[in-house]
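Enquirer: Chains as they are written, first to last, in my numbering: chain A, 413 to 674; chain B, 138 to 394; chain C, 5 to 317.
The hints are simulated quantities; they were obtained by calculation from the structure and are not laboratory data.
Glycine residues also receive a C-beta, built at the ideal position from the N, C-alpha and C atoms.
The reader is advised that the hints may include incorrect statements.
[As the list claims (entries may be wrong)] 27 Å max Cα-Cα, derived BS3-like pairs, lysine-lysine:
{"hint": "1", "chain 1": "C", "residue 1": "Lys255", "chain 2": "C", "residue 2": "Lys276"}
{"hint": "2", "chain 1": "C", "residue 1": "Lys131", "chain 2": "C", "residue 2": "Lys164"}
{"hint": "3", "chain 1": "C", "residue 1": "Lys305", "chain 2": "A", "residue 2": "Lys443"}
{"hint": "4", "chain 1": "C", "residue 1": "Lys99", "chain 2": "A", "residue 2": "Lys630"}
{"hint": "5", "chain 1": "C", "residue 1": "Lys99", "chain 2": "C", "residue 2": "Lys289"}
{"hint": "6", "chain 1": "C", "residue 1": "Lys305", "chain 2": "C", "residue 2": "Lys158"}
{"hint": "7", "chain 1": "A", "residue 1": "Lys443", "chain 2": "C", "residue 2": "Lys32"}
{"hint": "8", "chain 1": "C", "residue 1": "Lys32", "chain 2": "C", "residue 2": "Lys157"}
{"hint": "9", "chain 1": "A", "residue 1": "Lys517", "chain 2": "C", "residue 2": "Lys268"}
{"hint": "10", "chain 1": "C", "residue 1": "Lys202", "chain 2": "C", "residue 2": "Lys32"}
{"hint": "11", "chain 1": "C", "residue 1": "Lys157", "chain 2": "A", "residue 2": "Lys443"}
{"hint": "12", "chain 1": "C", "residue 1": "Lys268", "chain 2": "C", "residue 2": "Lys254"}
{"hint": "13", "chain 1": "A", "residue 1": "Lys630", "chain 2": "C", "residue 2": "Lys305"}
{"hint": "14", "chain 1": "C", "residue 1": "Lys289", "chain 2": "C", "residue 2": "Lys202"}
{"hint": "15", "chain 1": "C", "residue 1": "Lys289", "chain 2": "C", "residue 2": "Lys276"}
{"hint": "16", "chain 1": "A", "residue 1": "Lys443", "chain 2": "C", "residue 2": "Lys289"}
[Stated by the list, open to error] Some chain A residues well away from chain B (every beta-carbon gap over 12 Å; in silico):
{"hint": "17", "residue": "Ala418"}
{"hint": "18", "residue": "Ala458"}
{"hint": "19", "residue": "Val466"}
{"hint": "20", "residue": "Gly554"}
{"hint": "21", "residue": "Arg567"}
{"hint": "22", "residue": "Arg574"}
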Amino acid sequence: MSAVGARGLGAGFLGILLALWEAAARMSGAKAALFPAPSMVAGTLATMIAEGHVFVPLAESMLRLGAGYVAGLALAVALGVAMGYSRALDNLFEPLVELLRPIPKAALVSPLMFFLGIGDLMKVTVVALGVFFPILINTILGVRSVEPEFLETARTFGIGTRSMLAKIVLPAASPQIFAGMHISLGMGFVLVIVAEMISADGGLGFAIVNAQRSFRVKEMYAWVVVLALTGYAMNALFMLLRGRILRWKRDSWVLEETAAQA
Amino acid sequence: MKQAFGQAGASGAGLVLLLAIAWEASVRTGWIAADAWPAPSEVVRLFFEPRRLTVLLHEAGGSLSRMLQGFLIGSLAGIATGIVMGISRRAFATLDPSFQLLRVIPVPALVPPAILFLGLDDAMKITIVAFAAFWPVMLNTLHAVRGIDEALIETARTFKIPVARRVRAVILPAAAPLIMAGLRLSAASALITTIVAEMIVGAGGIGAYIVLMEQAARMPEVYAAVIVLSVAGYAINRGMLSLERRWLPWNAALGQA
Amino acid sequence: MILDIKRALLVSLVGLGTAAHAAEVAVKVGVSPIIDMAQTYAAVGNGYFRQEGLDVEAIAGGNIVALLPGLPAGQFQFIAAPIVTVLQGVASGIKFRIIGPGSAIVAPSPDISPIVARADGPIRNPKDLEGRTLAVPSLNGNLWLYSRAYLEKKGVDLAKVRILEVPFPQQFDALVSGRIDAASMTEPFATRATESGKGRIVGYPYTETQPVFVSVVLVAMADWAQQNPDTVRRFVRAYLRGQAYANLHKKDAEGVKLISSYTKLDPAVVGKIAVPDFPQTVDIKAIEETARLMVRHGLLKSAPDIKALVHVP
Chain A
413 MSAVGARGLG
423 AGFLGILLAL
433 WEAAARMSGA
443 KAALFPAPSM
453 VAGTLATMIA
463 EGHVFVPLAE
473 SMLRLGAGYV
483 AGLALAVALG
493 VAMGYSRALD
503 NLFEPLVELL
513 RPIPKAALVS
523 PLMFFLGIGD
533 LMKVTVVALG
543 VFFPILINTI
553 LGVRSVEPEF
563 LETARTFGIG
573 TRSMLAKIVL
583 PAASPQIFAG
593 MHISLGMGFV
603 LVIVAEMISA
613 DGGLGFAIVN
623 AQRSFRVKEM
633 YAWVVVLALT
643 GYAMNALFML
653 LRGRILRWKR
663 DSWVLEETAA
673 QA
Chain B
138 MKQAFGQAGA
148 SGAGLVLLLA
158 IAWEASVRTG
168 WIAADAWPAP
178 SEVVRLFFEP
188 RRLTVLLHEA
198 GGSLSRMLQG
208 FLIGSLAGIA
218 TGIVMGISRR
228 AFATLDPSFQ
238 LLRVIPVPAL
248 VPPAILFLGL
258 DDAMKITIVA
268 FAAFWPVMLN
278 TLHAVRGIDE
288 ALIETARTFK
298 IPVARRVRAV
308 ILPAAAPLIM
318 AGLRLSAASA
328 LITTIVAEMI
338 VGAGGIGAYI
348 VLMEQAARMP
358 EVYAAVIVLS
368 VAGYAINRGM
378 LSLERRWLPW
388 NAALGQA
Chain C
5 MILDIKRALL
15 VSLVGLGTAA
25 HAAEVAVKVG
35 VSPIIDMAQT
45 YAAVGNGYFR
55 QEGLDVEAIA
65 GGNIVALLPG
75 LPAGQFQFIA
85 APIVTVLQGV
95 ASGIKFRIIG
105 PGSAIVAPSP
115 DISPIVARAD
125 GPIRNPKDLE
135 GRTLAVPSLN
145 GNLWLYSRAY
155 LEKKGVDLAK
165 VRILEVPFPQ
175 QFDALVSGRI
185 DAASMTEPFA
195 TRATESGKGR
205 IVGYPYTETQ
215 PVFVSVVLVA
225 MADWAQQNPD
235 TVRRFVRAYL
245 RGQAYANLHK
255 KDAEGVKLIS
265 SYTKLDPAVV
275 GKIAVPDFPQ
285 TVDIKAIEET
295 ARLMVRHGLL
305 KSAPDIKALV
315 HVP
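Given these sequences and hints, build the entire structure.
Expert: Now the structure itself:
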């Protein structure tokens with residue numbers, strides 16, 4: 413299937429969704445004031461971009477996300493490899509991790525604000541905490557899936573633990589780690605928005621909540637569109653990087669293609 | 138399994154206990170003095186007051202019921218979609234762009250249109266929970282199916298095994314570990330989303346309880362509710378892990394001998 | 005003749021019976037478990053709605069502003085909402101109508117929302133806030149507007165005051181830890197702050213700016229209210245009885261019991277805190293003043309015709 417064909421399918425489906433939105437908005441009668449059609453939202457969005465209101469909040473959110481993501485990723489991979497490899501470490505940390513994981517950050521607003529303040533540190537930490545868990549779980553899984561023979565062979569060759577972890581285990585676990593990173597990207601983005609909604613201080617989250625409270629409905633939906641487009645762009649970038657980094661791992665589609673040619 | 142429990146129980150529980158003691162000490166010594174940081178002893182005491190305990194458990198029950206319904210709907214849809222998108226390039230190309238746009242919309246932004254069309258009660262919350270639970274398991278399933286060992290797929294093709302059978306006998310078992318991990322993530326997402334939705338709208342559930350107590354300046358109650366959430370999430374995760382062990386005994390990733 | 009009378013009595017009894025049955029109307033009202041909603045909880049709890057033949061279901065939410073879109077969406081028929089949000093909704097084309105009063109903040113001070121600074125800090129009066137940070141619970145909300153109006157009235161240069169958003173429950177900790185220099189609080193947090201010895205009251209943005217501030221109003225949608233005048237009348241009657249009850253028992257044991265039952269505030273705390281007023285009528289002049297301030301501080305482009313918004317059933 414060609415790239416153009418793929419784009420066509422994707423655009424087609426998206427078009428159908430937009431048409432459904434437009435129809436629902438037009439038919440919603442009395443609710444129309446609260447549920448603008450995409451055609452109206454597009455107009456508001458264009459104005460917002462033209463007047464330069466979009467860039468700063470977007471940049472603020474992206475910076476916070478970036479910082480939190482990197483922090484969460486580093487911590488999760490480090491701890492994940494350790495916990496995946498060492499039963500003792502896993503036994504030590506697993507209960508704590510599993511007790512903390514279910515807690516929604518929104519429920520912890522009070523201690524978070526007390527310890528971390530109401531500014532960027534709090535938001536970045538919230539993002540890091542959210543990004544941490546999916547990557548951790550998937551990393552542990554990935555590390556444990558490594559064939560024991562690989563490790564045995566490595567040990568036979570006298571390769572030290574640290575080298576082994578870095579050069580054999582990590583690459584072997586990378587598909588799973590990337591799956592975790594993929595999930596965390598979406599989650600981190602959601603969290604930065606939520607953090608900005610709670611501690612309103614710039615960013616896309618505040619823009620949405622501000623429009624919501626003042627009943628500037630078209631503007632609110634325009635911001636949600638900005639959100640969605642940004643998420644899409646980030647995802648596209650991520651998949652590009654994943655393709656480059658995991659190039660050595662052929663996936664089932666490539667096999668589909670080669671099989672088709674055979 | 139008993140061995141794994143026992144071992145994990147010992148050092149892990151020890152760590153949690155140590156941290157709890159440190160927390161208590163930080164309050165008793167006055168080192169950290171804030172409304173937001175009550176002593177754990179004050180919080181734990183609430184669990185021994187029958188009336189409060191009843192209220193907490195009642196609200197927890199409501200939340201868990203909503204969460205479960207949303208989780209089941211969302212995760213079943215997620216697995217099915219993930220498999221389809223993982224196998225078929227076309228399906229992926231069709232659905233993925235829209236998905237990438239939708240997946241990042243946070244719950245607070247979803248609530249207004251949800252209120253408009255679905256009302257303010259359980260149906261609305263369950264729908265939002267299903268929406269949130271869909272993503273982690275769908276993504277993991279997708280990645281799992283795509284990442285399946287080439288040898289397996291080649292073999293299946295060589296033997297000309299039809300798609301349905303290929304899915305059941307080859308793809309699902311191979312993808313199962315990652316799918317199960319995705320389910321655990323979706324369960325967590327479902328619980329969190331339920332609570333957040335309840336914090337925004339509604340009179341029932343732990344989320345509404347937390348907001349009510351915060352506004353009444355009763356932080357120990359807030360922490361008690363958080364502990365309930367924490368324990369519930371922990372129990373759900375443990376439950377799912379033991380199911381995994383039973384269904385996927387060959388899964389070395391779970392560290393069973 | 006007697007037969008005629010009997011027949012007439014019978015017919016009228018049956019008529020009354022069916023009328024009474026047909027009179028049971030089901031409506032929903034949006035609420036939030038805060039002090040300002042005491043009248044609604046009282047009206048439900050004391051059976052005022054039932055006595056008017058109304059079967060009222062309360063739809064609750066943690067945050068009234070988040071709940072408000074449910075009204076135009078038809079998810080409920082009545083809600084008591086903050087005036088600033090209602091007026092902004094009207095400006096966005098949402099046809100709210102004010103059909104009754106809610107809570108009002110009435111002079112003299114003290115009232116329920118003081119600006120509190122650190123007791124051991126440098127801020128003693130409003131002018132000291134220049135170059136400092138003030139927290140409000142919600143940017144562009146009731147208290148944001150009146151904090152600004154108050155500071156302006158006291159000759160403070162607003163450009164020099166940094167106003168941040170910190171939700172009520174987190175304000176005290178943020179104040180004490182120095183992250184903010186002052187906060188526009190509400191009860192019970194304000195009383196807790198002063199009682200702890202760590203908070204000092206700087207002023208009262210509502211009552212020191214305006215003698216009567218209509219904080220919350222009862223609203224319904226214009227079309228629905230026009231199509232259901234009888235229901236609206238009955239609801240408002242029962243609701244106003246609730247207002248009277250809440251106002252009468254503001255500080256006594258009954259009122260404390262009511263308020264602490266639904267807010268879950270400790271009864272001892274309820275006895276100590278300030279509570280708002282629950283008037284019987286809508287003070288149009290006061291609302292017009294609020295609208296004027298909203299225009300001045302950029303929340304509205306122009307003040308709407310308040311009289312036209314008030315829909316007396």
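Enquirer: When the hints from earlier in the document are held up against this structure, which numbers fail?
Expert: 8, 10, 11, 14, 15, 16, 17, 20
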